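2 protein chains.
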Amino acid sequence: MLKKVDAKVKLDKAAYKEQIDSLIIRLSEAQRKCKDAGIPTIILFEGWSASGKGSRIKSVIHSLDPRGFEVFTIKRPNEDERLRPYMWRFWQKLPAKGRIHVFDRSWYRVLMRGHEENEIKLADPVQDVLSFEKTLANSGVLIIKLFLHVSMKEQRRRLKRLADSPETAWRINEDDWIQNCRYDEALSSFSRMLEKTDHEAAPWIVVEANNRRFADVKIYTAMLSAMENALEKKLAANNKDSVKVTIPELTAPSALESVNLSRSLDREHYNQRLDAAQSEMERLHNEMYIHRLPAVAVFEGWDAGGKGGAIKRLVYPLDPRGYKVAPYSAPNDIEKSHNYLWRFWNNVPKAGHLTVFDRSWYGRVMVERVEGFCTPNDWKRAYSEINDFEKQLVDSGIILLKFWLHINQEEQLKRFEFRQNTPEKQWKITDEDWRNREKWDMYLEAVDEMLCRTSTEYAPWTVVEAVDKLYARVKVIETVRDSIELGMKSVRK
Amino acid sequence: MLKKVDAKVKLDKAAYKEQIDSLIIRLSEAQRKCKDAGIPTIILFEGWSASGKGSRIKSVIHSLDPRGFEVFTIKRPNEDERLRPYMWRFWQKLPAKGRIHVFDRSWYRVLMRGHEENEIKLADPVQDVLSFEKTLANSGVLIIKLFLHVSMKEQRRRLKRLADSPETAWRINEDDWIQNCRYDEALSSFSRMLEKTDHEAAPWIVVEANNRRFADVKIYTAMLSAMENALEKKLAANNKDSVKVTIPELTAPSALESVNLSRSLDREHYNQRLDAAQSEMERLHNEMYIHRLPAVAVFEGWDAGGKGGAIKRLVYPLDPRGYKVAPYSAPNDIEKSHNYLWRFWNNVPKAGHLTVFDRSWYGRVMVERVEGFCTPNDWKRAYSEINDFEKQLVDSGIILLKFWLHINQEEQLKRFEFRQNTPEKQWKITDEDWRNREKWDMYLEAVDEMLCRTSTEYAPWTVVEAVDKLYARVKVIETVRDSIELGMKSVRK
Numbered sequence: 001m002l003k004k005v006d007a008k009v010k011l012d013k014a015a016y017k018e019q020i021d022s023l024i025i026r027l028s029e030a031q032r033k034c035k036d037a038g039i040p041t042i043i044l045f046e047g048w049s050a051s052g053k054g055s056r057i058k059s060v061i062h063s064l065d066p067r068g069f070e071v072f073t074i075k076r077p078n079e080d081e082r083l084r085p086y087m088w089r090f091w092q093k094l095p096a097k098g099r100i101h102v103f104d105r106s107w108y109r110v111l112m113r114g115h116e117e118n119e120i121k122l123a124d125p126v127q128d129v130l131s132f133e134k135t136l137a138n139s140g141v142l143i144i145k146l147f148l149h150v151s152m153k154e155q156r157r158r159l160k161r162l163a164d165s166p167e168t169a170w171r172i173n174e175d176d177w178i179q180n181c182r183y184d185e186a187l188s189s190f191s192r193m194l195e196k197t198d199h200e201a202a203p204w205i206v207v208e209a210n211n212r213r214f215a216d217v218k219i220y221t222a223m224l225s226a227m228e229n230a231l232e233k234k235l236a237a238n239n240k241d242s243v244k245v246t247i248p249e250l251t252a253p254s255a256l257e258s259v260n261l262s263r264s265l266d267r268e269h270y271n272q273r274l275d276a277a278q279s280e281m282e283r284l285h286n287e288m289y290i291h292r293l294p295a296v297a298v299f300e301g302w303d304a305g306g307k308g309g310a311i312k313r314l315v316y317p318l319d320p321r322g323y324k325v326a327p328y329s330a331p332n333d334i335e336k337s338h339n340y341l342w343r344f345w346n347n348v349p350k351a352g353h354l355t356v357f358d359r360s361w362y363g364r365v366m367v368e369r370v371e372g373f374c375t376p377n378d379w380k381r382a383y384s385e386i387n388d389f390e391k392q393l394v395d396s397g398i399i400l401l402k403f404w405l406h407i408n409q410e411e412q413l414k415r416f417e418f419r420q421n422t423p424e425k426q427w428k429i430t431d432e433d434w435r436n437r438e439k440w441d442m443y444l445e446a447v448d449e450m451l452c453r454t455s456t457e458y459a460p461w462t463v464v465e466a467v468d469k470l471y472a473r474v475k476v477i478e479t480v481r482d483s484i485e486l487g488m489k490s491v492r493k
Numbered sequence: 001m002l003k004k005v006d007a008k009v010k011l012d013k014a015a016y017k018e019q020i021d022s023l024i025i026r027l028s029e030a031q032r033k034c035k036d037a038g039i040p041t042i043i044l045f046e047g048w049s050a051s052g053k054g055s056r057i058k059s060v061i062h063s064l065d066p067r068g069f070e071v072f073t074i075k076r077p078n079e080d081e082r083l084r085p086y087m088w089r090f091w092q093k094l095p096a097k098g099r100i101h102v103f104d105r106s107w108y109r110v111l112m113r114g115h116e117e118n119e120i121k122l123a124d125p126v127q128d129v130l131s132f133e134k135t136l137a138n139s140g141v142l143i144i145k146l147f148l149h150v151s152m153k154e155q156r157r158r159l160k161r162l163a164d165s166p167e168t169a170w171r172i173n174e175d176d177w178i179q180n181c182r183y184d185e186a187l188s189s190f191s192r193m194l195e196k197t198d199h200e201a202a203p204w205i206v207v208e209a210n211n212r213r214f215a216d217v218k219i220y221t222a223m224l225s226a227m228e229n230a231l232e233k234k235l236a237a238n239n240k241d242s243v244k245v246t247i248p249e250l251t252a253p254s255a256l257e258s259v260n261l262s263r264s265l266d267r268e269h270y271n272q273r274l275d276a277a278q279s280e281m282e283r284l285h286n287e288m289y290i291h292r293l294p295a296v297a298v299f300e301g302w303d304a305g306g307k308g309g310a311i312k313r314l315v316y317p318l319d320p321r322g323y324k325v326a327p328y329s330a331p332n333d334i335e336k337s338h339n340y341l342w343r344f345w346n347n348v349p350k351a352g353h354l355t356v357f358d359r360s361w362y363g364r365v366m367v368e369r370v371e372g373f374c375t376p377n378d379w380k381r382a383y384s385e386i387n388d389f390e391k392q393l394v395d396s397g398i399i400l401l402k403f404w405l406h407i408n409q410e411e412q413l414k415r416f417e418f419r420q421n422t423p424e425k426q427w428k429i430t431d432e433d434w435r436n437r438e439k440w441d442m443y444l445e446a447v448d449e450m451l452c453r454t455s456t457e458y459a460p461w462t463v464v465e466a467v468d469k470l471y472a473r474v475k476v477i478e479t480v481r482d483s484i485e486l487g488m489k490s491v492r493k
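For the protein sequence lines, the chains are A and L, in the order given.
According to the working numbering, the first sequence is numbered sequentially starting from 1.
According to the working numbering, the second sequence is numbered sequentially starting from 1.
It should be emphasised that the hints constitute simulated quantities derived from the structure, not laboratory data.
Everything numeric in this text was worked out from a predicted model, so none of it was measured.
Note that beta-carbon positions come from the ideal geometry of N, C-alpha and C, so glycine has one too.
Please note that the accuracy of each hint is not assured.
As the list claims (entries may be wrong) - Derived coverage of chain A by chain L (criterion: at least 3 residues anywhere in the stretch with Cβ under 8 angstroms from a Cβ of chain L; other residues may be distant): (1) 50-64; (2) 75-81.
Unchecked claim - Cβ-Cβ distance ranges computed for the label pairs, FRET-style: (3) L:486 with A:163: 56 to 66 angstroms; (4) A:188 with L:271: 41 to 51 angstroms; (5) L:262 with A:32: 29 to 39 angstroms; (6) A:13 with L:271: 38 to 48 angstroms; (7) L:124 with A:138: 44 to 54 angstroms; (8) A:138 with L:236: 34 to 44 angstroms; (9) A:235 with L:124: 56 to 66 angstroms; (10) A:235 with L:32: 42 to 52 angstroms; (11) A:247 with L:174: 33 to 43 angstroms; (12) A:333 with L:253: 17 to 27 angstroms; (13) A:199 with L:124: 54 to 64 angstroms.
What the hints assert, rightly or not - Short, incomplete list of chain A residues facing chain L, as computed with Cβ under 7 angstroms: (14) 71; (15) 334; (16) 358; (17) 359.
Could you put the whole structure together from the sequences, leaning on the hints where they help?
Shown next, in the form of structure tokens:
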């Protein structure tokens with residue numbers, strides 16, 4: 001994808017002046033329209049060392065309202081970032097609706113400067129980058145990827161000039177010179193990277209940057225056309241004439257039909273097994289901390305299915321400095337202005353810690369689907385987005401557990417009525433709970449499909465028979481214990 | 001305040017059991033009420049090494065709904081934190097309305113373990129801690145400060161036990177042993193600290209922690225009474241019968257009356273001076289980055305006073321990786337659930353960076369006062385809260401500039417009408433602008449009082465005569481340049 005730069009590619013002052021002024025006017029109009037349309041925009045600069053990313057960014061933002069954008073410089077990950085999955089720090093820096101975030105380097109660091117990011121575990125960085133960009137693009141984020149390309153001669157000239165001035169010498173290092181000395185090698189490696197990561201949702205734009213005027217005009221033109229496209233696409237989406245997402249039909253039988261809800265445990269065995277599991281969890285949690293093993297436990301289930309009680313018993317023996325219970329209900333303003341996965345990334349644990357998600361990203365394919373809070377396309381796409389997300393967690397070393405607390409309609413009614421009739425429990429039951437109950441069958445269908453489509457080898461669901469609370473609690477904590485024990489074994493080695 | 005622990009202070013199992021069960025029930029009820037009342041709660045644990053903070057926290061949270069609290073362990077500041085004012089990392093960790101944040105160690109680190117925080121510049125840590133707590137308490141945050149106190153003998157016993165087990169040995173270090181060897185010295189130093197930082201808004205509770213049962217009962221009782229008090233206070237505040245805040249009467253003459261709005265600059269001198277100042281700013285901004293000097297420029301002024309244009313010229317020559325323009329309008333959901341200063345702390349710059357605040361914390365004493373979005377007590381208290389806040393910024397090494405862009409009513413009308421009549425400017429003018437204009441006199445009074453009460457030696461206001469835009473822009477950029485030049489001089493030394 002990357003050819004040698006044609007040294008003749010340049011623009012004289014007059015031709016530049018003629019084009020740039022009208023581009024600036026049109027761009028600032030497009031920016032305002034994108035803001036009004038609530039389109040989040042990422043403009044990402046990658047390229048050769050000394051290809052002028054800093055000055056091109058400076059030039060680009062002069063066309064933008066200074067109140068509408070923010071610039072992020074991506075350096076080596078800091079300690080906090082190294083303790084989390086690679087993509088975590090980028091999720092933290094995503095633009096809300098209507099905002100523009102400019103990246104000086106980006107998630108492509110792992111592909112271009114992987115040796116500097118070597119403390120990060122990534123099983124398949126190209127795949128992670130692609131699924132990250134697709135997930136964002138599908139939720140309406142405009143991603144403009146610019147690769148600044150300079151010739152070997154020009155790069156050497158610039159590196160020299162930077163090195164010669166005491167004010168700028170600190171900006172370059174050994175690696176930059178190595179890149180220049182092995183220019184052809186780097187050229188073909190960058191070229192391969194661009195090919196592998198060029199896709200419809202976020203295509204690369206190669207900008208010949210030997211000549212600054214030429215580069216500016218090319219960048220401005222690319223931004224303008226990308227923004228105008230995005231606006232059109234947004235309009236089309238509002239008109240509901242967007243292409244329907246199709247996913248393979250389900251062939252597997254219902255995962256829930258065969259669940260044996262009569263499973264139970266007597267109080268005595270409950271006490272014994274709970275005590276044993278809790279003291280093992282206390283020990284394992286300490287070990288997790290020492291060996292920096294992170295874990296995630298996701299709790300989903302019917303209203304009044306017993307999530308709260310199970311979570312309470314699970315975390316009871318643990319040191320509170322090493323775990324967090326993250327409850328999720330309807331998203332707030334800020335959360336709504338981001339991709340639906342965004343608010344969950346915030347609570348992805350650091351190495352050595354446990355996060356318990358009390359409801360989770362599965363809201364997308366349950367409540368959001370059933371209540372129509374997202375489009376069919378949105379929830380159909382979500383299955384693979386969620387699988388990709390979870391794969392990233394697991395690949396980064398996180399032990400991931402997912403529980404579905406299953407009861408039947410009769411049991412739910414009993415529990416609702418008990419709450420209704422017990423003064424100190426009344427706050428736990430709302431009109432919404434009763435309304436949701438009426439949609440039992442629709443939820444059942446959604447849950448069944450969810451269990452089927454998101455039970456992967458690396459992140460299987462555990463369906464918990466939860467009519468008997470004692471049985472359910474013991475099953476949950478013992479499952480967590482066994483998985484962490486297994487995970488610790490490979491870490492201890 | 002700290003006496004030697006009486007070894008007899010303990011509780012037997014029966015007495016403990018009798019008290020603790022009813023305390024737990026009452027506490028969980030109080031917690032739910034505090035949540036409903038939207039009270040943010042901080043529970044802070046300080047104390048001797050090995051006094052059992054971890055296990056006391058574990059015990060405390062067993063009485064709480066796991067979905068309602070979060071635990072923060074405060075260690076040495078990381079790099080990101082060291083590059084900002086000391087209090088920054090605590091502002092990042094404050095509870096929203098109705099939430100409980102438990103701190104294992106806290107901002108008292110700087111007073112108790114100052115040698116570990118030595119990269120932090122703090123002119124007057126006791127004062128900073130007090131004003132931090134007062135500001136929070138005044139905005140309704142409940143702060144429960146617990147100091148765990150153990151005897152020398154008990155501490156030694158616990159340190160030994162921790163050191164003897166390979167699972168816990170890593171938790172203690174040299175400093176912990178030194179504390180035990182010089183117990184009496186530490187006792188009187190802790191005691192002085194407790195006295196200096198014990199105040200009505202956030203009193204200390206010393207918990208004798210030799211005996212765990214005794215400690216738990218004391219902690220639970222203290223929490224319960226603090227929560228019940230806070231609920232009562234909240235009710236009283238809702239009933240509007242709270243004590244009126246009084247501040248000294250203004251004696252200074254109006255700062256705005258004498259402003260000479262006829263000041264102007266011709267285009268030729270404007271171009272010359274702007275060019276010169278911009279190229280100096282470019283150089284200085286680089287120097288700031290190298291020497292890690294941070295700066296803040298606050299822009300306030302009448303609607304259509306020219307803030308946007310002045311900001312644009314100021315940042316035009318700067319490297320976008322080293323500055324940020326932070327625009328503020330009405331607070332969103334999340335921001336509303338925190339103290340009014342919270343959202344500004346988010347944008348306090350790292351060392352070496354510049355933040356431009358386009359509107360700021362002064363909204364409290366202008367729009368919030370005039371429109372009645374806060375109570376008279378709130379805005380009256382804000383003057384000293386703001387002065388304290390700015391002192392912390394300046395003490396941490398930040399160059400702080402504050403601009404008031406001043407025009408008169410005639411000029412504003414001219415600009416509003418121009419916007420109204422110019423298609424590509426219409427988006428800049430709203431009904432709200434016209435409404436605000438009708439309250440000109442009320443705003444004038446508020447601005448005058450603000451300029452008078454918050455012009456301090458360390459953070460004076462610069463009133464900018466802004467009827468002539470050219471004059472205003474040059475005055476702004478030259479003032480920033482001169483202040484940074486001055487600041488750099490002392491850094492370069």
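Subject >> Violated constraints from the hint list, given by number and in increasing order >> reply: 3, 6, 8, 11, 12, 17
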